[in-house]
Amino acid sequence: MNTYDVIIVGGGAGGLFAAYEFVKRNQSLKIIMLEKGAPLEKRKCPIDGLKIKNCIKCRHCSITTGIGGAGAFSDGKYNITNQFGGDLCNYIGDVPALSLMKYVDSVNLAFGGEGAKMYSSVGSDLKRRALQYDLHMLDAQVRHLGTERNYFILKNLIEYISKYIEIRYYTEVVSVDKNSDETWTLTSENGEQFTSRYIIIATGRSGSKWTSEICSKYGIENANNRVDIGIRFECPAEIWEPITNEVYECKIVYRSPKTRSACRTFCMNPHGRVVAENTNGIVTVNGHSYDDPELHTDNTNFALLVTHRFTEPFRDSNAYGEHIAALTNMLAGGVMVQRFGDLLEERRTTEKRLRETFTRPTLEATPGNLALCIPKATLDTIIEMIFALDKLVPGTANYGNLLYGTEVKFYNSVVAVDNHFESAQRGLFFIGDCSGTTHSLSQASSEGVYVARYINNLITGRDEPLF
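Sequential numbering from 1 applies to the sequence shown in this note's numbering.
None of these hints come from the bench; they were simulated from the model.
Backbone N, C-alpha and C fix where the C-beta goes; we use that ideal spot for every residue, glycine too.
Hints may contain errors.
[To be verified] What follows is a set of in silico ranges between Cβ atoms, one per label pair, in the way DEER data are often shown: (1) Arg128 with Asp316: 17 to 23 Å; (2) Arg426 with Gly281: 33 to 39 Å; (3) Gly281 with Asn225: 21 to 27 Å.
Using the sequences plus the hints, can you model the full thing?
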(Lines of atoms letter the chains of each structure in order from A and count residues from 1; the text may use other names and numbers.)
(Lines give C-alpha, C1' and ligand atoms only; values in the text may rest on other atoms or scores of the structure.)
Protein backbone atom coordinates (compact mmCIF):
# COMPACT_ATOMS: atom_id res chain seq x y z
CA MET A 1 0.00 0.00 0.00
CA ASN A 2 1.28 3.48 -0.93
CA THR A 3 1.13 6.09 1.85
CA TYR A 4 1.24 9.84 1.23
CA ASP A 5 0.93 13.09 3.14
CA VAL A 6 -1.74 14.30 0.71
CA ILE A 7 -3.64 12.72 -2.17
CA ILE A 8 -5.18 14.93 -4.85
CA VAL A 9 -7.86 13.31 -7.01
CA GLY A 10 -8.18 15.15 -10.31
CA GLY A 11 -5.70 17.26 -12.27
CA GLY A 12 -7.88 20.17 -13.33
CA ALA A 13 -7.54 23.80 -12.26
CA GLY A 14 -8.27 23.18 -8.57
CA GLY A 15 -6.01 20.14 -8.29
CA LEU A 16 -3.11 21.71 -10.17
CA PHE A 17 -3.11 24.91 -8.17
CA ALA A 18 -3.35 22.94 -4.92
CA ALA A 19 -0.31 20.93 -6.05
CA TYR A 20 1.55 24.09 -7.04
CA GLU A 21 0.94 25.71 -3.67
CA PHE A 22 2.07 22.60 -1.78
CA VAL A 23 5.30 22.59 -3.81
CA LYS A 24 5.84 26.28 -3.21
CA ARG A 25 5.25 26.01 0.55
CA ASN A 26 6.64 22.62 1.50
CA GLN A 27 8.66 20.47 -0.90
CA SER A 28 9.28 17.86 1.79
CA LEU A 29 5.69 16.60 1.58
CA LYS A 30 4.97 13.32 -0.19
CA ILE A 31 2.06 14.07 -2.52
CA ILE A 32 0.42 12.17 -5.35
CA MET A 33 -2.10 13.35 -7.92
CA LEU A 34 -4.42 10.70 -9.37
CA GLU A 35 -5.78 11.60 -12.81
CA LYS A 36 -8.04 9.24 -14.74
CA GLY A 37 -7.26 10.88 -18.08
CA ALA A 38 -4.19 11.36 -20.25
CA PRO A 39 -1.10 13.57 -20.02
CA LEU A 40 -1.51 16.97 -21.66
CA GLU A 41 0.39 16.12 -24.85
CA LYS A 42 -1.70 12.95 -25.36
CA ARG A 43 -5.07 14.64 -25.01
CA LYS A 44 -6.18 14.50 -28.65
CA CYS A 45 -9.75 14.69 -29.90
CA PRO A 46 -10.16 12.26 -32.83
CA ILE A 47 -12.39 14.71 -34.73
CA ASP A 48 -10.19 15.94 -37.59
CA GLY A 49 -12.90 17.31 -39.88
CA LEU A 50 -11.86 14.86 -42.61
CA LYS A 51 -12.13 11.16 -41.74
CA ILE A 52 -13.89 11.81 -38.44
CA LYS A 53 -16.34 14.71 -38.44
CA ASN A 54 -18.48 13.96 -35.41
CA CYS A 55 -17.96 12.89 -31.81
CA ILE A 56 -17.32 9.13 -31.50
CA LYS A 57 -17.96 9.17 -27.73
CA CYS A 58 -14.57 8.16 -26.37
CA ARG A 59 -14.70 6.57 -22.92
CA HIS A 60 -12.84 9.57 -21.48
CA CYS A 61 -13.32 12.68 -23.61
CA SER A 62 -9.95 14.32 -24.29
CA ILE A 63 -11.59 17.74 -24.36
CA THR A 64 -12.98 17.49 -20.82
CA THR A 65 -10.82 14.81 -19.17
CA GLY A 66 -7.10 14.57 -18.49
CA ILE A 67 -4.44 16.69 -16.83
CA GLY A 68 -5.46 20.33 -17.06
CA GLY A 69 -9.13 19.40 -16.78
CA ALA A 70 -11.92 20.79 -18.92
CA GLY A 71 -10.12 24.15 -18.98
CA ALA A 72 -7.07 22.81 -20.83
CA PHE A 73 -8.52 23.48 -24.28
CA SER A 74 -10.68 26.42 -23.29
CA ASP A 75 -9.66 29.89 -24.38
CA GLY A 76 -8.27 30.52 -20.92
CA LYS A 77 -10.52 33.24 -19.57
CA TYR A 78 -9.76 33.98 -15.92
CA ASN A 79 -12.44 36.24 -14.46
CA ILE A 80 -11.52 38.20 -11.35
CA THR A 81 -14.90 38.88 -9.80
CA ASN A 82 -17.27 37.80 -7.04
CA GLN A 83 -20.35 38.52 -9.17
CA PHE A 84 -20.25 35.21 -11.04
CA GLY A 85 -18.15 32.08 -11.40
CA GLY A 86 -18.85 30.58 -8.00
CA ASP A 87 -19.41 31.19 -4.31
CA LEU A 88 -15.85 31.37 -3.02
CA CYS A 89 -16.54 34.74 -1.38
CA ASN A 90 -19.38 33.23 0.67
CA TYR A 91 -16.89 30.90 2.36
CA ILE A 92 -13.86 33.13 2.91
CA GLY A 93 -15.09 36.70 2.31
CA ASP A 94 -15.12 39.15 -0.61
CA VAL A 95 -11.66 40.66 -0.21
CA PRO A 96 -9.81 37.34 0.44
CA ALA A 97 -11.55 35.76 -2.57
CA LEU A 98 -10.44 38.55 -4.90
CA SER A 99 -6.95 38.42 -3.40
CA LEU A 100 -6.64 34.71 -4.20
CA MET A 101 -7.93 35.22 -7.75
CA LYS A 102 -5.31 37.92 -8.30
CA TYR A 103 -2.67 35.55 -6.92
CA VAL A 104 -3.74 32.86 -9.40
CA ASP A 105 -3.48 35.47 -12.16
CA SER A 106 0.10 36.26 -11.09
CA VAL A 107 1.02 32.56 -11.23
CA ASN A 108 -0.38 32.27 -14.75
CA LEU A 109 1.65 35.30 -15.82
CA ALA A 110 4.80 33.83 -14.26
CA PHE A 111 4.40 30.53 -16.15
CA GLY A 112 4.03 32.05 -19.59
CA GLY A 113 1.04 34.38 -19.53
CA GLU A 114 2.96 37.61 -19.77
CA GLY A 115 1.55 39.79 -22.52
CA ALA A 116 -2.01 38.49 -22.14
CA LYS A 117 -4.34 41.45 -22.02
CA MET A 118 -6.52 42.23 -19.01
CA TYR A 119 -9.97 43.52 -19.94
CA SER A 120 -12.44 45.17 -17.59
CA SER A 121 -16.15 45.94 -17.75
CA VAL A 122 -15.98 47.94 -14.51
CA GLY A 123 -17.04 51.53 -15.16
CA SER A 124 -17.82 50.85 -18.82
CA ASP A 125 -20.52 52.95 -20.48
CA LEU A 126 -21.69 49.69 -22.03
CA LYS A 127 -23.39 48.82 -18.75
CA ARG A 128 -25.53 51.97 -18.91
CA ARG A 129 -26.42 51.37 -22.56
CA ALA A 130 -27.39 47.76 -21.85
CA LEU A 131 -29.75 48.80 -19.05
CA GLN A 132 -31.77 50.82 -21.55
CA TYR A 133 -32.89 47.49 -23.03
CA ASP A 134 -33.34 45.66 -19.71
CA LEU A 135 -30.01 43.89 -20.18
CA HIS A 136 -27.94 43.66 -17.01
CA MET A 137 -24.16 43.46 -17.41
CA LEU A 138 -22.05 42.05 -14.58
CA ASP A 139 -18.74 43.62 -13.55
CA ALA A 140 -15.48 41.73 -13.93
CA GLN A 141 -11.84 41.92 -14.87
CA VAL A 142 -11.01 39.28 -17.48
CA ARG A 143 -7.56 37.98 -18.32
CA HIS A 144 -7.82 36.35 -21.74
CA LEU A 145 -4.95 33.93 -22.22
CA GLY A 146 -6.14 32.37 -25.46
CA THR A 147 -6.30 28.64 -26.12
CA GLU A 148 -2.69 28.29 -27.24
CA ARG A 149 -1.18 30.41 -24.43
CA ASN A 150 -3.40 28.67 -21.87
CA TYR A 151 -2.01 25.33 -23.08
CA PHE A 152 1.57 26.64 -22.86
CA ILE A 153 1.04 27.83 -19.27
CA LEU A 154 -0.43 24.47 -18.25
CA LYS A 155 2.49 22.64 -19.85
CA ASN A 156 4.99 24.76 -17.89
CA LEU A 157 3.04 24.44 -14.64
CA ILE A 158 2.73 20.65 -14.93
CA GLU A 159 6.43 20.27 -15.76
CA TYR A 160 7.31 22.29 -12.65
CA ILE A 161 4.92 20.43 -10.33
CA SER A 162 5.95 16.99 -11.58
CA LYS A 163 9.52 17.59 -10.36
CA TYR A 164 8.28 17.48 -6.78
CA ILE A 165 5.09 15.40 -6.69
CA GLU A 166 4.00 12.16 -8.33
CA ILE A 167 1.36 12.35 -11.04
CA ARG A 168 -0.38 9.10 -12.01
CA TYR A 169 -2.22 9.20 -15.33
CA TYR A 170 -4.93 6.78 -16.48
CA THR A 171 -5.67 6.12 -12.80
CA GLU A 172 -9.38 6.17 -12.06
CA VAL A 173 -10.34 6.01 -8.39
CA VAL A 174 -13.29 3.66 -7.88
CA SER A 175 -13.60 3.66 -4.10
CA VAL A 176 -12.83 5.93 -1.16
CA ASP A 177 -12.71 4.14 2.21
CA LYS A 178 -12.22 5.51 5.70
CA ASN A 179 -9.88 3.60 8.00
CA SER A 180 -10.13 3.17 11.77
CA ASP A 181 -7.10 5.42 12.35
CA GLU A 182 -8.78 8.40 10.61
CA THR A 183 -6.79 7.88 7.40
CA TRP A 184 -8.31 7.24 3.98
CA THR A 185 -7.61 4.54 1.42
CA LEU A 186 -8.34 5.10 -2.25
CA THR A 187 -8.55 2.15 -4.63
CA SER A 188 -7.97 2.52 -8.36
CA GLU A 189 -9.70 0.65 -11.16
CA ASN A 190 -6.79 -1.80 -11.39
CA GLY A 191 -6.84 -2.51 -7.65
CA GLU A 192 -3.90 -0.36 -6.56
CA GLN A 193 -4.38 1.36 -3.20
CA PHE A 194 -3.24 4.75 -1.90
CA THR A 195 -3.51 5.96 1.70
CA SER A 196 -3.38 9.41 3.29
CA ARG A 197 -4.84 11.45 6.14
CA TYR A 198 -5.75 14.25 3.73
CA ILE A 199 -7.73 13.74 0.53
CA ILE A 200 -8.53 16.58 -1.87
CA ILE A 201 -11.36 15.72 -4.26
CA ALA A 202 -11.01 17.94 -7.34
CA THR A 203 -12.65 15.97 -10.14
CA GLY A 204 -14.46 18.83 -11.89
CA ARG A 205 -17.91 18.81 -13.43
CA SER A 206 -17.29 15.51 -15.18
CA GLY A 207 -16.88 13.92 -11.75
CA SER A 208 -20.25 15.09 -10.47
CA LYS A 209 -21.88 11.65 -10.26
CA TRP A 210 -18.83 10.14 -8.59
CA THR A 211 -18.71 12.99 -6.07
CA SER A 212 -22.38 12.48 -5.24
CA GLU A 213 -21.74 8.77 -4.66
CA ILE A 214 -19.00 9.58 -2.13
CA CYS A 215 -21.29 12.03 -0.35
CA SER A 216 -24.07 9.44 -0.18
CA LYS A 217 -21.69 6.80 1.16
CA TYR A 218 -20.56 8.98 4.06
CA GLY A 219 -23.74 10.91 4.76
CA ILE A 220 -22.34 14.21 3.53
CA GLU A 221 -25.14 16.58 2.65
CA ASN A 222 -25.31 17.68 -0.97
CA ALA A 223 -28.09 19.29 -2.94
CA ASN A 224 -28.47 19.94 -6.64
CA ASN A 225 -31.47 21.62 -8.20
CA ARG A 226 -29.90 23.61 -11.03
CA VAL A 227 -28.92 23.04 -14.64
CA ASP A 228 -28.40 25.57 -17.46
CA ILE A 229 -29.76 24.67 -20.89
CA GLY A 230 -29.36 26.63 -24.09
CA ILE A 231 -27.55 27.06 -27.37
CA ARG A 232 -24.22 28.22 -28.77
CA PHE A 233 -24.81 31.34 -30.87
CA GLU A 234 -22.52 32.15 -33.82
CA CYS A 235 -22.43 35.25 -36.02
CA PRO A 236 -19.94 37.27 -38.10
CA ALA A 237 -17.33 38.73 -35.75
CA GLU A 238 -17.85 42.27 -37.06
CA ILE A 239 -21.30 42.41 -35.46
CA TRP A 240 -19.99 42.13 -31.90
CA GLU A 241 -16.62 43.86 -32.39
CA PRO A 242 -17.81 47.17 -30.83
CA ILE A 243 -18.34 45.15 -27.63
CA THR A 244 -15.54 42.57 -27.75
CA ASN A 245 -12.91 45.15 -28.69
CA GLU A 246 -13.78 47.03 -25.50
CA VAL A 247 -14.38 44.31 -22.88
CA TYR A 248 -13.60 41.06 -24.79
CA GLU A 249 -16.27 39.15 -22.89
CA CYS A 250 -19.37 40.53 -21.25
CA LYS A 251 -21.72 38.65 -18.96
CA ILE A 252 -25.22 39.92 -19.70
CA VAL A 253 -28.36 38.72 -17.93
CA TYR A 254 -31.91 39.14 -19.24
CA ARG A 255 -35.14 38.13 -17.53
CA SER A 256 -38.05 37.35 -19.82
CA PRO A 257 -41.27 39.22 -18.96
CA LYS A 258 -43.14 36.34 -20.59
CA THR A 259 -41.57 33.25 -19.01
CA ARG A 260 -39.90 34.98 -16.00
CA SER A 261 -36.84 32.84 -16.69
CA ALA A 262 -33.34 34.33 -16.66
CA CYS A 263 -31.10 33.97 -19.70
CA ARG A 264 -27.43 34.93 -19.80
CA THR A 265 -24.52 35.17 -22.16
CA PHE A 266 -21.62 32.88 -21.34
CA CYS A 267 -18.15 32.08 -22.70
CA MET A 268 -17.83 34.72 -25.41
CA ASN A 269 -15.25 33.85 -28.08
CA PRO A 270 -14.38 36.63 -30.54
CA HIS A 271 -13.04 35.15 -33.81
CA GLY A 272 -13.43 31.74 -32.18
CA ARG A 273 -14.60 28.23 -32.99
CA VAL A 274 -17.59 26.19 -31.92
CA VAL A 275 -16.56 22.76 -30.63
CA ALA A 276 -18.27 19.52 -29.59
CA GLU A 277 -17.51 17.82 -26.29
CA ASN A 278 -18.48 14.56 -24.66
CA THR A 279 -19.86 14.63 -21.10
CA ASN A 280 -20.78 11.22 -19.67
CA GLY A 281 -21.42 9.92 -23.19
CA ILE A 282 -23.61 12.88 -24.15
CA VAL A 283 -22.36 15.16 -26.94
CA THR A 284 -22.86 18.83 -26.14
CA VAL A 285 -21.54 22.03 -27.69
CA ASN A 286 -19.03 24.61 -26.47
CA GLY A 287 -16.66 27.21 -27.88
CA HIS A 288 -13.15 28.61 -27.62
CA SER A 289 -10.87 31.17 -29.24
CA TYR A 290 -7.16 31.64 -29.84
CA ASP A 291 -5.02 34.64 -28.97
CA ASP A 292 -2.91 34.20 -32.12
CA PRO A 293 -4.48 36.20 -35.00
CA GLU A 294 -3.30 33.51 -37.42
CA LEU A 295 -5.75 31.10 -35.78
CA HIS A 296 -8.74 33.45 -35.79
CA THR A 297 -11.96 32.71 -37.66
CA ASP A 298 -14.41 35.19 -39.18
CA ASN A 299 -17.01 34.44 -36.51
CA THR A 300 -17.74 35.17 -32.87
CA ASN A 301 -19.61 32.67 -30.70
CA PHE A 302 -21.10 32.66 -27.23
CA ALA A 303 -23.61 30.65 -25.24
CA LEU A 304 -27.12 31.73 -24.36
CA LEU A 305 -28.18 29.75 -21.31
CA VAL A 306 -31.42 29.56 -19.36
CA THR A 307 -31.18 28.51 -15.73
CA HIS A 308 -33.56 25.78 -14.58
CA ARG A 309 -34.17 25.21 -10.86
CA PHE A 310 -36.36 22.39 -9.64
CA THR A 311 -38.33 21.71 -6.48
CA GLU A 312 -39.37 18.52 -4.71
CA PRO A 313 -39.94 15.77 -5.57
CA PHE A 314 -37.51 16.15 -8.50
CA ARG A 315 -33.87 16.07 -7.39
CA ASP A 316 -31.68 15.20 -10.38
CA SER A 317 -31.32 18.36 -12.46
CA ASN A 318 -28.24 17.02 -14.27
CA ALA A 319 -30.24 14.01 -15.51
CA TYR A 320 -32.79 16.44 -16.95
CA GLY A 321 -30.05 18.31 -18.81
CA GLU A 322 -28.57 15.06 -20.09
CA HIS A 323 -32.00 14.01 -21.34
CA ILE A 324 -32.39 17.23 -23.37
CA ALA A 325 -28.90 16.86 -24.85
CA ALA A 326 -29.48 13.16 -25.56
CA LEU A 327 -32.64 14.04 -27.47
CA THR A 328 -30.59 16.36 -29.68
CA ASN A 329 -28.02 13.60 -30.16
CA MET A 330 -30.77 11.18 -31.14
CA LEU A 331 -32.15 13.51 -33.82
CA ALA A 332 -28.84 14.86 -35.13
CA GLY A 333 -26.35 12.12 -34.36
CA GLY A 334 -24.43 14.70 -32.35
CA VAL A 335 -24.62 18.49 -32.47
CA MET A 336 -27.50 20.20 -34.33
CA VAL A 337 -27.31 23.59 -36.06
CA GLN A 338 -30.15 25.87 -37.15
CA ARG A 339 -30.38 29.31 -38.73
CA PHE A 340 -32.07 31.84 -36.48
CA GLY A 341 -34.50 32.77 -39.26
CA ASP A 342 -35.55 29.16 -39.76
CA LEU A 343 -36.22 28.85 -36.04
CA LEU A 344 -38.48 31.91 -36.15
CA GLU A 345 -40.34 30.49 -39.14
CA GLU A 346 -40.74 27.16 -37.33
CA ARG A 347 -38.99 25.13 -40.00
CA ARG A 348 -35.89 22.98 -39.95
CA THR A 349 -32.65 24.10 -41.49
CA THR A 350 -31.55 21.88 -44.36
CA GLU A 351 -28.13 21.35 -45.93
CA LYS A 352 -29.23 23.57 -48.83
CA ARG A 353 -30.41 26.39 -46.55
CA LEU A 354 -27.22 26.16 -44.51
CA ARG A 355 -25.09 26.52 -47.65
CA GLU A 356 -27.06 29.64 -48.58
CA THR A 357 -26.39 31.47 -45.32
CA PHE A 358 -23.68 34.13 -45.10
CA THR A 359 -22.50 32.91 -41.67
CA ARG A 360 -20.23 29.96 -42.34
CA PRO A 361 -20.31 27.39 -39.50
CA THR A 362 -17.04 26.65 -37.71
CA LEU A 363 -18.25 23.23 -36.53
CA GLU A 364 -19.47 20.35 -38.68
CA ALA A 365 -23.00 19.83 -37.36
CA THR A 366 -26.29 18.38 -38.58
CA PRO A 367 -28.88 20.92 -39.78
CA GLY A 368 -32.21 20.49 -38.04
CA ASN A 369 -34.91 22.01 -35.87
CA LEU A 370 -33.95 22.85 -32.28
CA ALA A 371 -37.63 23.29 -31.39
CA LEU A 372 -37.90 19.49 -31.43
CA CYS A 373 -35.22 19.18 -28.73
CA ILE A 374 -35.28 22.19 -26.43
CA PRO A 375 -38.36 22.94 -24.27
CA LYS A 376 -40.56 25.72 -25.64
CA ALA A 377 -40.26 28.01 -22.60
CA THR A 378 -36.47 27.74 -22.76
CA LEU A 379 -36.32 28.43 -26.48
CA ASP A 380 -38.80 31.33 -26.20
CA THR A 381 -36.60 32.95 -23.54
CA ILE A 382 -33.52 32.57 -25.75
CA ILE A 383 -35.33 34.12 -28.72
CA GLU A 384 -36.46 37.04 -26.56
CA MET A 385 -32.90 37.66 -25.42
CA ILE A 386 -31.55 37.58 -28.97
CA PHE A 387 -34.00 40.33 -29.92
CA ALA A 388 -33.07 42.30 -26.77
CA LEU A 389 -29.37 41.95 -27.63
CA ASP A 390 -30.14 43.09 -31.17
CA LYS A 391 -31.14 46.49 -29.77
CA LEU A 392 -27.77 46.82 -28.05
CA VAL A 393 -25.78 45.13 -30.84
CA PRO A 394 -27.62 45.50 -34.18
CA GLY A 395 -27.22 42.42 -36.34
CA THR A 396 -27.52 39.91 -33.51
CA ALA A 397 -30.98 38.90 -34.77
CA ASN A 398 -29.90 38.50 -38.40
CA TYR A 399 -31.71 35.70 -40.24
CA GLY A 400 -28.51 33.81 -41.09
CA ASN A 401 -26.93 33.72 -37.64
CA LEU A 402 -26.48 30.20 -36.33
CA LEU A 403 -27.70 28.39 -33.23
CA TYR A 404 -26.03 25.12 -32.18
CA GLY A 405 -27.60 22.73 -29.73
CA THR A 406 -27.57 21.67 -27.19
CA GLU A 407 -25.31 23.51 -24.77
CA VAL A 408 -25.73 22.29 -21.21
CA LYS A 409 -23.89 23.48 -18.12
CA PHE A 410 -24.09 20.82 -15.44
CA TYR A 411 -23.73 21.90 -11.84
CA ASN A 412 -22.39 19.56 -9.25
CA SER A 413 -24.32 19.06 -6.08
CA VAL A 414 -23.27 21.71 -3.57
CA VAL A 415 -21.33 19.65 -1.06
CA ALA A 416 -21.67 20.65 2.58
CA VAL A 417 -18.21 21.91 3.54
CA ASP A 418 -16.91 24.36 6.13
CA ASN A 419 -15.04 27.57 5.36
CA HIS A 420 -11.88 25.50 4.74
CA PHE A 421 -13.76 23.28 2.23
CA GLU A 422 -13.49 20.28 4.55
CA SER A 423 -16.50 18.00 4.81
CA ALA A 424 -17.95 16.61 8.03
CA GLN A 425 -15.67 13.63 7.40
CA ARG A 426 -12.34 14.86 8.79
CA GLY A 427 -9.57 14.97 6.21
CA LEU A 428 -11.89 14.80 3.19
CA PHE A 429 -11.90 18.06 1.20
CA PHE A 430 -13.93 19.02 -1.88
CA ILE A 431 -12.77 21.87 -4.12
CA GLY A 432 -13.51 23.33 -7.53
CA ASP A 433 -16.47 22.57 -9.73
CA CYS A 434 -16.96 19.08 -8.27
CA SER A 435 -17.85 20.70 -4.94
CA GLY A 436 -20.57 22.84 -6.50
CA THR A 437 -18.95 25.93 -4.95
CA THR A 438 -17.21 27.16 -8.12
CA HIS A 439 -18.06 27.42 -11.81
CA SER A 440 -14.92 29.05 -13.18
CA LEU A 441 -11.20 28.52 -13.69
CA SER A 442 -10.22 31.42 -11.45
CA GLN A 443 -12.33 30.39 -8.45
CA ALA A 444 -11.52 26.67 -8.75
CA SER A 445 -7.80 27.51 -8.87
CA SER A 446 -8.18 29.85 -5.89
CA GLU A 447 -9.83 27.14 -3.81
CA GLY A 448 -6.92 24.83 -4.61
CA VAL A 449 -4.45 27.42 -3.34
CA TYR A 450 -6.49 28.07 -0.19
CA VAL A 451 -6.93 24.42 0.77
CA ALA A 452 -3.26 23.62 0.14
CA ARG A 453 -2.23 26.42 2.49
CA TYR A 454 -4.70 25.23 5.12
CA ILE A 455 -3.62 21.56 4.97
CA ASN A 456 0.04 22.54 5.03
CA ASN A 457 -0.64 24.44 8.26
CA LEU A 458 -2.32 21.34 9.72
CA ILE A 459 0.63 19.13 8.81
CA THR A 460 3.36 21.52 9.97
CA GLY A 461 1.55 22.99 12.96
CA ARG A 462 2.19 26.48 11.65
CA ASP A 463 -0.28 29.34 11.39
CA GLU A 464 0.74 30.93 8.10
CA PRO A 465 -1.73 33.29 6.36
CA LEU A 466 -4.27 31.61 4.07
CA PHE A 467 -4.73 34.63 1.81
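Verification of the hints:
1. Arg128 with Asp316: 17 to 23 Å: Given a distance of about 41 Å, which is not inside 17 to 23 Å, the answer is violated.
2. Arg426 with Gly281: 33 to 39 Å: Holds, since arginine 426 and glycine 281 (Cβ atoms, about 35 Å apart) stay within the stated range.
3. Gly281 with Asn225: 21 to 27 Å: 23 Å, holds
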